[in-house]
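Undergrad: Using the sequences and the accompanying hints, generate a full structural model.
4 protein chains.
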Amino acid sequence: MSEKIYSVVEAEIKVRPDDIDMNNHVHYSKYLDYLLTARYEQMIKDYKMPMQEFIDRGLTWFAKSVTLNFKRALALGDVAVVKAQIKEIHGAVVKIDFWILKKGSDKIYVDGSGEFMLISLTNGRPQRIPQDVIEKYSI
Amino acid sequence: MSEKIYSVVEAEIKVRPDDIDMNNHVHYSKYLDYLLTARYEQMIKDYKMPMQEFIDRGLTWFAKSVTLNFKRALALGDVAVVKAQIKEIHGAVVKIDFWILKKGSDKIYVDGSGEFMLISLTNGRPQRIPQDVIEKYSI
Amino acid sequence: MSEKIYSVVEAEIKVRPDDIDMNNHVHYSKYLDYLLTARYEQMIKDYKMPMQEFIDRGLTWFAKSVTLNFKRALALGDVAVVKAQIKEIHGAVVKIDFWILKKGSDKIYVDGSGEFMLISLTNGRPQRIPQDVIEKYSI
Amino acid sequence: MSEKIYSVVEAEIKVRPDDIDMNNHVHYSKYLDYLLTARYEQMIKDYKMPMQEFIDRGLTWFAKSVTLNFKRALALGDVAVVKAQIKEIHGAVVKIDFWILKKGSDKIYVDGSGEFMLISLTNGRPQRIPQDVIEKYSI
Numbered sequence: 001m002s003e004k005i006y007s008v009v010e011a012e013i014k015v016r017p018d019d020i021d022m023n024n025h026v027h028y029s030k031y032l033d034y035l036l037t038a039r040y041e042q043m044i045k046d047y048k049m050p051m052q053e054f055i056d057r058g059l060t061w062f063a064k065s066v067t068l069n070f071k072r073a074l075a076l077g078d079v080a081v082v083k084a085q086i087k088e089i090h091g092a093v094v095k096i097d098f099w100i101l102k103k104g105s106d107k108i109y110v111d112g113s114g115e116f117m118l119i120s121l122t123n124g125r126p127q128r129i130p131q132d133v134i135e136k137y138s139i
Numbered sequence: 001m002s003e004k005i006y007s008v009v010e011a012e013i014k015v016r017p018d019d020i021d022m023n024n025h026v027h028y029s030k031y032l033d034y035l036l037t038a039r040y041e042q043m044i045k046d047y048k049m050p051m052q053e054f055i056d057r058g059l060t061w062f063a064k065s066v067t068l069n070f071k072r073a074l075a076l077g078d079v080a081v082v083k084a085q086i087k088e089i090h091g092a093v094v095k096i097d098f099w100i101l102k103k104g105s106d107k108i109y110v111d112g113s114g115e116f117m118l119i120s121l122t123n124g125r126p127q128r129i130p131q132d133v134i135e136k137y138s139i
Numbered sequence: 001m002s003e004k005i006y007s008v009v010e011a012e013i014k015v016r017p018d019d020i021d022m023n024n025h026v027h028y029s030k031y032l033d034y035l036l037t038a039r040y041e042q043m044i045k046d047y048k049m050p051m052q053e054f055i056d057r058g059l060t061w062f063a064k065s066v067t068l069n070f071k072r073a074l075a076l077g078d079v080a081v082v083k084a085q086i087k088e089i090h091g092a093v094v095k096i097d098f099w100i101l102k103k104g105s106d107k108i109y110v111d112g113s114g115e116f117m118l119i120s121l122t123n124g125r126p127q128r129i130p131q132d133v134i135e136k137y138s139i
Numbered sequence: 001m002s003e004k005i006y007s008v009v010e011a012e013i014k015v016r017p018d019d020i021d022m023n024n025h026v027h028y029s030k031y032l033d034y035l036l037t038a039r040y041e042q043m044i045k046d047y048k049m050p051m052q053e054f055i056d057r058g059l060t061w062f063a064k065s066v067t068l069n070f071k072r073a074l075a076l077g078d079v080a081v082v083k084a085q086i087k088e089i090h091g092a093v094v095k096i097d098f099w100i101l102k103k104g105s106d107k108i109y110v111d112g113s114g115e116f117m118l119i120s121l122t123n124g125r126p127q128r129i130p131q132d133v134i135e136k137y138s139i
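Residue numbers (this note's numbering), protein chains in the order written: chain B, 1 to 139; chain A, 1 to 139; chain F, 1 to 139; chain S, 1 to 139.
Certain hints may be false.
Each pair may be met inside one copy or between any two copies, as identical chains are not told apart.
As the list claims (entries may be wrong) - With a straight-line cut-off of 20 Å between C-alpha atoms, the simulated SDA-like cross-links for lysine to any residue are:
| no. | residue 1 | residue 2 |
| --- | --- | --- |
| 1 | K14 | V79 |
| 2 | K103 | E41 |
| 3 | K71 | W61 |
| 4 | K4 | L121 |
| 5 | K71 | R128 |
| 6 | K71 | G91 |
Bear in mind the hints are in silico, worked out from the structure with no lab data behind them.
TA: See below:
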């Protein structure tokens with residue numbers, strides 16, 4: 001188990017009209033879409049290894065578990081700021097903490113944690129995270 | 001060009017809470033999802049050739065064009081009834097008319113037309129609709 | 001804190017083509033939409049108090065937190081069976097456990113838990129769950 | 001009927017992972033979401049009258065009809081450029097043409113046209129577009 005402290009990476013996502021539900025707020029499942037959008041962008045921008053590179057190596061990431069705590073609701077016109085920090089890399093699993101804020105505010109709207117598992121595209125089984133990936137993620 | 005009159009096929013879709021937008025109605029893009037859901041179901045139920053059978057033969061369907069006329073808006077609790085009728089089968093293209101009603105009503109909520117094109121999965125190019133498919137669709 | 005054992009209620013949701021993502025499986029955020037769809041249906045069918053009745057009384061439900069554990073992935077053609085059981089009713093909050101299975105299988109695809117909070121539409125503040133609602137939920 | 005030639009306005013939308021479907025392309029209904037996202041942004045940026053200002057005046061916009069022609073498919077990593085041009089303003093209806101391109105390409109991926117109708121929030125009926133709105137749109 002790693003005791004490293006990983007960097008907080010972040011990405012911005014503009015709320016779209018189709019994200020808004022009958023309560024005039026961002027629909028609760030959309031925060032998972034914002035999280036995934038941010039992770040894809042962070043893979044390119046921060047970890048310098050886009051999803052396509054994993055696929056080219058016969059690998060992909062699957063969500064293993066996720067917890068969301070809804071504190072405030074984003075609305076149309078808002079820009080979501082998704083911050084994420086790796087907590088631990090162990091075997092095939094990366095554990096992260098994340099925080100979703102509204103751009104221009106320092107209040108947390110949604111926070112939570114997630115586990116993402118590296119999977120072999122050949123046999124669908126968990127795959128130990130390769131050392132060079134661990135190094136790329138160790139920023 | 002076919003002059004055949006094709007059957008009207010139909011499928012039912014329950015409105016889900018995530019289909020509802022800030023106007024408290026089914027979001028306008030969701031009618032395209034209802035149409036696609038109905039076409040998949042009609043392929044199984046009416047044409048006796050599910051999408052998977054096309055894929056197994058190296059084929060898939062792509063939307064070429066679609067027109068939607070919004071007349072009334074479905075709401076939470078409603079069940080959409082999607083009726084569709086083939087208008088013409090020509091080359092690689094099936095043209096359909098469709099009507100979306102609310103279950104229990106005879107009023108049309110959305111109607112329109114669409115063109116779906118058969119595509120080869122090998123080279124991505126339009127593929128003349130095979131004779132046995134035309135026969136299956138000629139109900 | 002209640003020590004009552006609540007009933008397991010269930011609802012079925014047909015997977016739609018727009019639920020499927022690039023991995024050819026139900027997209028991970030859609031399970032939250034399935035959960036919500038099931039809760040709305042269970043409110044009508046099991047608790048005999050549809051969401052509209054809450055709104056008419058100046059109340060609504062907000063998600064406070066949710067945890068999802070992804071074990072298997074549903075695919076196109078599958079019907080999701082969402083089972084839910086109230087674990088505890090306390091103050092303004094209902095805690096539930098849920099399990100999402102594939103119809104015709106006894107394997108759990110996704111499970112998790114959630115907290116839903118009753119909110120006053122007038123002031124947006126948590127509202128103690130009224131006794132008659134507790135009774136309706138105590139099946 | 002106006003004979004004015006209106007400006008082409010544009011907005012950019014980053015493709016999100018939840019926009020991608022089983023064909024590894026942007027799902028066909030998402031182009032309607034991109035169009036709406038662009039219109040909301042163009043209302044702020046180009047027409048200097050955000051949706052909220054309409055709502056504050058007891059008005060909203062409903063889609064009356066829309067036609068989409070799918071020519072190419074956007075993919076993950078792409079940025080959609082949505083261009084739109086008013087063709088005609090008549091009574092309660094604005095007719096637009098639109099073109100969706102991939103940023104960095106001059107090829108049209110999707111084009112089409114749409115009619116949007118101004119509606120009174122008080123009685124749900126079409127509302128003649130006010131002169132000051134016509135002027136704001138006449139750029």
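Undergrad: So, for every hint listed, does it hold in this structure?
TA: Hints, verified against the model:
1. Proximity of K14 and V79 under a CA criterion of 20 Å is satisfied in both settings, with 4 Å inside one chain copy and 13 Å between copies.
2. Taking the closest pair of Cα atoms, K103 and E41 come within 20 Å of each other both inside a single copy (17 Å) and across two copies (17 Å).
3. Taking identical chains as interchangeable, the C-alpha atoms of K71 and W61 lie at most 20 Å apart only when they sit on different chains, with a minimum of 14 Å there against 28 Å within one chain.
4. For the homomeric pair K4 and L121, neither the shortest alpha-carbon distance inside one copy (29 Å) nor that between copies (45 Å) is at most 20 Å.
5. For the identical chains of this complex, K71 and R128 are inter-copy neighbours only, at 18 Å across copies versus 35 Å inside a copy, given an alpha-carbon limit of 20 Å.
6. In this assembly of identical chains, K71 and G91 lie within 20 Å of each other by CA distance solely across copies; the values are 17 Å between and 32 Å within a copy.
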